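Student: Dock chain B against chain A, hints included.
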Amino acid sequence: MNVSPRSGGEYLMLAAVTFYVLVICVVPLGRLFFETLFLGQGDIFSLVASLLESRTVLRAIGNTLEAGLGSALLSLTMGTTMALIIGLTDIRHKTLLVFMLLVPMLIPAQITAVSWLELAGPSSPVLAPLGYALPQGMRNPLYSREGVILLLGIEHAAMVFLAVRAGLRAIPGDLVEAARCAGASPMRIIISVILPLLHPSLIAGAALAFTASIGNFGIPALLGIPGRYLVLSTLIYQRLSSFGPAVLKDVGGLSIILALMAAAGLLVQYLAGRRSRVELVHGGKPAPPFNLGRYRLVVEAVVWLILLFISVLPLLALIETALLPALGVEFALSTITLDNFFFIFEHDASRRAFVNSTLLGLAAAGIVISVSFPFAYLVVIRKNRVAAVLNIVADAPFALPGIVLSIACIIAFIRPLPMIHYSLYNTIWIILVAYMARFLAFGLHPVLAGMAQFDRSLEEAGQVSGATSFQRLQRIIIPLVAPSAMSGGILVFMGAFNELTVSSLLWSSGNETLGVMIYNLYDEGNSTGAAAIAVLTVAVTFALAWATTYMAGSRSRGILPWQQ
Amino acid sequence: MRFLIIIIILMTFCNTISASGADLVLYTSQPQKQMVKVVELFNKKYPDIKVEVYRDGTTKVLNKLQAELAADSPRPDVLMIADFVAMNSLKKQGVLQPYVNAPVAGYDSVQYDAEKYFFGTKLITTGIIYNTKSGVPRPASWKDLLKPEAKNQVIMPSPLYSGAAVIHVGTLTEQPGFGWEYYEKLADNGAVAGKGNGSVREAVARGEKAYGIIIDYMAIGARKKGSPVDFVFPVEGVTSINQPIAILKTAKNVKVARSFVDFLLSREAQEQSVRQSYIPLLRGVNPPADYGDLSNLRVMSADPDVIEKKTEENKHKFAEMFGGA
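Going down the list, the sequences are from chains A and B. Be aware that the first sequence starts at -7, since it is given in my numbering, and climbs by one per residue. Be aware that the second sequence starts at 1201, since it is given in my numbering, and climbs by one per residue.
Excised from the complex, chain B in its bound form:
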């Protein structure tokens, strides 16, 4: 009996310090392994703020948030997801609050919301990963994924899971010379959809697929650690997202939430994201050396309003062609 009481007390104790005791709840799509380091660095500056991180694919995080909003009990204080289009619609939905005095000096004004509702934290591009052991030719263009040597060898993230994929599909289908025809040809060539970008990295690093469509840091990070992969910025250009962060209107402690935003826009955090193989957004912080020369990098873009309007339709079309996530 005494044993039981001790266990229950211990559980209550652990429970209060771990879950409900968090000062800041963050919902994000950034991998857990990186978030550990981010929170660690944040706690060096703010040792008293206990951060709780919930991580899933952007689309899944948004589904969870919407379900919580419907039940009138949103848990997160801060949201950091891949997709600025989704952020924009959350803003319109009235879920977010502005942070007018956010430290945006040194940031290009296209990287944050004009009314300061959300702020880009790093540049993430989507290009092509390939397995260097598989003996396939190094790709140069998006169209290389339609060639016979890529038959049944291409995997890509699903917009039903990943926010970067939402933007990638939304942008690419608006480009002249691509459109949904490009995706139809990909499907005809036997391309498949995984879940998130992590699943693409897995399949290509393991050699289950030779080519993958993926966000840059995942491929470059895997290469750095010894996986037999390389990353290519296709000649037509890459698509990009900027991993925006925003404070929810319902944040329990706005001051704490703002300190987290301050931190992510700070020089230390930007330098840390370089160590995590991201391209930083703060002027004066150099991108990781293993990206090579980025001066000729072309970024494809599309009207955010068009992407937003077509997001649901695009997800359906994608699911029809490649299956649901």
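Pulled out of the complex, with its shape left as it was, chain A reads as follows:
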């Protein structure tokens, strides 16, 4: 394919995109690595040696690996089983099942943690009236290693499900048909035909779940800190919040260890993904679903029961807790009160958190989408090599653990900016900058996908008629990819609105986010207040997900993960 010669407008776009990626993504992460490893007293080896000398650090590294691998295994089992059942059998209500399966992905980790804690304890507002709650005097069993692994596994099962479902769709139906004609039983077909072909998707899905788990903060913070089960992300948080910027170099070292672990996971995912593309390049028609026959009802019952536990009951417990007058009061219609919701509106910091998170989400979405148009245009339509490299780099801030990004942002922005002599640290702007890096991939990928479907002859027609590259982008391309950009923007907003990991280290008083508010209130012992904020946050998230699905219709297929 030949691409027409570059124009001045294109260079200008390239300069803008390069500036964005360099300043927001490359410089902070680069400085984290460079300054931690090469500047200051001592060399790399003595820093690593001094870190590894500490028993707490070693234990946190061990726990991080253990929680990551354990939860990845759990996610793999759950996600694969569900993908096989939903993808291969004649089970009913698939769309609803998929949506429910993806609910944990829509709900941020800190809210998952809070709602499970409410569900599982001895005073569970859901289980206690039924007589199934734990006996009095039992500590909530989720405050433990097992609790952390269980919730991380549930939180990321949806990722494996999506990866395996994509793999399943790529398996040619002919293969399954052939095995069927040869007289193989469905079980046999799954074990000897489908699973071997799915192998790369399984590995990629599990690697993705591992990377997400070791980067998670909300679950190990709310469950693991009281349970004395520290992982790297919570250790970094504790050290920095107790000792302040004085320990920046130490936590920088810890962040690099965590980043390397995540990089290993990403490498595995990449290699597996490459293999699957080679093997399964011929799609073809999917095979007809297996008939479950008389077992269908049993399978359906089991699937619904599992989904009830992972998607419905925790949220129900959360809502009921938000309506309690005080902890330990049994949930009953006569005791329901809206006091906790009133508290949020009276409480300055909570109100501020709503405003801050909404504005941060809107600003991040607007900025990310604005830069995504020229970015994707350069990558997809102009086939610009520099932009292609930047595209890979732009994934790093999301792929790496959020806590690593926030340490990087502190290192990069704690000192006043050159020229304007204004420090972003302890302002809301440092959170916005971090979100602009963190959620760039959320907005960019849908726009890239939208442009890939775009017919290039339209652009050429514009060029022949003498339109400049800016005019072509503005008049031809943007209107055509607007629906995918809209979905991308909403994903960015939802990500930023629900965010905790990055803001947990970057917030300051006056600049709270919703995630931070939920965490702080829970930490202070006001869990009914925390539950009320969480309920409102979830309501906004669901309303948005519903509105996007409704608005986007079939055009956003393949962009919104919860659509079949």
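I should point out that these hints are in silico values taken from the structure, not numbers from a laboratory. It is possible that part of the hints are untrue.
[What the hints assert, rightly or not] What follows is a set of in silico ranges between Cβ atoms, one per label pair, in the way DEER data are often shown:
1) A:Ile328 to B:Lys1424: 15 to 21 Å
2) B:Glu1384 to A:Pro188: 25 to 31 Å
3) B:Ser1466 to A:Phe337: 24 to 30 Å
4) A:Arg220 to B:Leu1210: 41 to 47 Å
5) A:Tyr3 to B:Thr1450: 49 to 55 Å
6) B:Leu1241 to A:Ser233: 43 to 49 Å
7) A:Leu29 to B:Glu1471: 54 to 60 Å
8) B:Tyr1246 to A:Ile328: 34 to 40 Å
9) A:Asp331 to B:Ser1341: 32 to 38 Å
[Unchecked claim] A few chain A residues that don't get close to chain B, going by computed Cβ distances all over 12 Å:
10) Phe11
11) Arg23
12) Leu29
13) Leu31
14) Leu109
15) Leu122
16) Gly129
17) Pro178
18) Phe235
19) Leu330
20) Leu351
21) Ala537
Since the model is a prediction, treat every value here as computed from it, not as a measurement. All C-beta atoms, glycine included, are put in the ideal place defined by N, C-alpha and C.
Tutor: Coordinates of chain B only, in the frame set by chain A:
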């Protein structure tokens, strides 16, 4: 594009009115839910003063303040924490400024610093909370927490988080018949440390633990709102703190800072703290009715200098026995 500019302008606007626009920055350990009401009442008297509150456990607040001092940019103007011992060492460190004309009439002179560097705002005692639904016997003495029925059922706040816990541990370990031996026995009986007093209230109200060591108003407030808990002043006596307030030397606007101190020592503020289930310090303001008769209340005490000297050591010993916060 226009949309983006509007958002950025809106953010700048909200940011200036919320954060940097505050006239008074207060670092405190008092729960956010109460501070909302305190600031509300303060603003009735001083409507033009915008107060910004940062809240965490006393020990955490002090860590944050020390980190800011090290960086030469302390943010708070006023500090109100649980622990008078820590206040005293901040005074020695030269971080605070005196307020000689503070309205201390009506206050017992033991409740404020002799050189007027800090002032107690309310009496907070530490006693025992228990879950009334759990079927355990009502405790009467600190030693009841060592009995078999309290095995694995006791939770307490950690001095690594709470200032009241610093004083409680510091005082109790100096009492004859207690000492660190008492804490060793607690550990042997399976007692655990939570974070702050809030975490103790949670665990006991939820029924995860039957007994807890806790500051009074948290337990009495929870009982008032319907949680299945009750509070006991143990027979040996309680330990106490007085939630002192102080103005930092670096306060941006001393007049504004002083008005906040004036307010907290005023009759209205003292009456409000009664509504929030605190025991007031101002003479003539009655303690909350649900405390019962306080005339026989025994308060254990220890030499503040000894507590101060041993604070770090005590935190380490505690962390070794019950884990770090």
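Student: Compare the structure with each hint and give your call.
Tutor: Okay, the hints, checked on the actual structure:
no.	hint	result
1	A:Ile328 to B:Lys1424: 15 to 21 Å	holds, 18 Å
2	B:Glu1384 to A:Pro188: 25 to 31 Å	violated, 60 Å
3	B:Ser1466 to A:Phe337: 24 to 30 Å	holds, 27 Å
4	A:Arg220 to B:Leu1210: 41 to 47 Å	holds, 43 Å
5	A:Tyr3 to B:Thr1450: 49 to 55 Å	holds, 50 Å
6	B:Leu1241 to A:Ser233: 43 to 49 Å	violated, 31 Å
7	A:Leu29 to B:Glu1471: 54 to 60 Å	holds, 59 Å
8	B:Tyr1246 to A:Ile328: 34 to 40 Å	holds, 37 Å
9	A:Asp331 to B:Ser1341: 32 to 38 Å	holds, 36 Å
10	Phe11	holds, 17 Å
11	Arg23	holds, 19 Å
12	Leu29	holds, 24 Å
13	Leu31	holds, 19 Å
14	Leu109	violated, 9 Å
15	Leu122	holds, 16 Å
16	Gly129	violated, 5 Å
17	Pro178	holds, 46 Å
18	Phe235	violated, 6 Å
19	Leu330	holds, 14 Å
20	Leu351	violated, 5 Å
21	Ala537	holds, 22 Å
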